[in-house]
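Engineer: I would like the entire structure built from these sequences, with the hints used as guidance.
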Amino acid sequence: GAVVSQHPSWVICKSGTSVKIECRSLDFQATTMFWYRQFPKQSLMLMATSNEGSKATYEQGVEKDKFLINHASLTLSTLTVTSAHPEDSSFYICSARETGANSPLHFGNGTRLTVT
Amino acid sequence: DAKTTQPTSMDCAEGRAANLPCNHSTISGNEYVYWYRQIHSQGPQYIIHGLKNNETNEMASLIITEDRKSSTLILPHATLRDTAVYYCIVRSRIYNQGGKLIFGQGTELSVKP
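Protein chains in written order, with the working numbering: chain A, 43 to 158; chain B, 10 to 122.
Since the hints were derived computationally from the structure, they do not count as laboratory data.
Heads up, some of the hints might be wrong.
Cross-link-like lysine-lysine pairs, in silico, BS3-like; alpha carbons within 25 angstroms at most [stated by the list, open to error]:
id, chain 1, residue 1, chain 2, residue 2
1, B, Lys109, A, Lys108
2, B, Lys109, B, Lys12
3, B, Lys12, B, Lys78
4, A, Lys56, A, Lys97
5, A, Lys83, B, Lys109
6, B, Lys109, A, Lys106
Structural biologist: Right under this line is the structure:
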């Protein structure tokens, strides 16, 4: 089945630094990838839609200058949390869609970010 | 995307069938019903999806009512490893509408020995 790899699985960084999270589709090409954030005991919240070769579309309330998304190839999207603060500590999850209107989304295993 | 309503939590005995209901009374003709589950501290896992016919795969069965306003996910023989949060999501079938999934609160299923 389709596999989405996310790296790193966890990261600890100091306040004010930036962190990059990678999301790769391993055995399929993904023209569209999605980034989610999940706080403890809450559901997944969609942050942005990433389309290969174009600018990401951010959901309302998500700061595009803080959460930089790059989707430079059909198998890789990156999320950079810039100038991270403790309130950015969360579980970040990416997903990718195979070509085909009704293909399911496949999810990575998430990245646990802790900002100290 | 249409909203869904699911019970907050359910219990199921190991080896028995787990029947998870979902209400999606405002679903449109352009929307599929998708089911995902999330085991603690992992990414969501795709289970099954359907439009109007019942569907079955190696993981589960999906029963959609004739009016499409509700559905039931059936895990035929639940195991302890099926303990997870189960999400019922409706998603547009129109490709250029992006295909994003909007998650609700889901049902926390606890399978007990």
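Engineer: Hint by hint, say whether it matches the structure.
Structural biologist: Here is what the structure says about each hint:
1. Of the supplied pair hints, the one linking lysine 109 of chain B and lysine 108 of chain A holds, its CA atoms being roughly 22 angstroms apart against a limit of 25 angstroms.
2. For the hint pairing lysine 109 of chain B with lysine 12 of chain B, the CA-to-CA distance comes to about 14 angstroms; that is within 25 angstroms, so the pair holds.
3. For the suggested pair lysine 12 of chain B and lysine 78 of chain B, the alpha carbons sit about 11 angstroms apart, so the restraint of at most 25 angstroms is met.
4. Between lysine 56 of chain A and lysine 97 of chain A, the direct Cα distance comes to roughly 28 angstroms. Violation of the 25 angstroms bound is thereby established for this hinted pair.
5. Distance hint between lysine 83 of chain A and lysine 109 of chain B is fulfilled; the C-alpha atoms sit about 22 angstroms from each other, no more than 25 angstroms.
6. Straight-line distance between C-alpha atoms of lysine 109 of chain B and lysine 106 of chain A comes to about 18 angstroms, which keeps the hinted pair within the 25 angstroms bound.
When the structure is compared with the earlier hints, a violation turns up for hint 4 alone.
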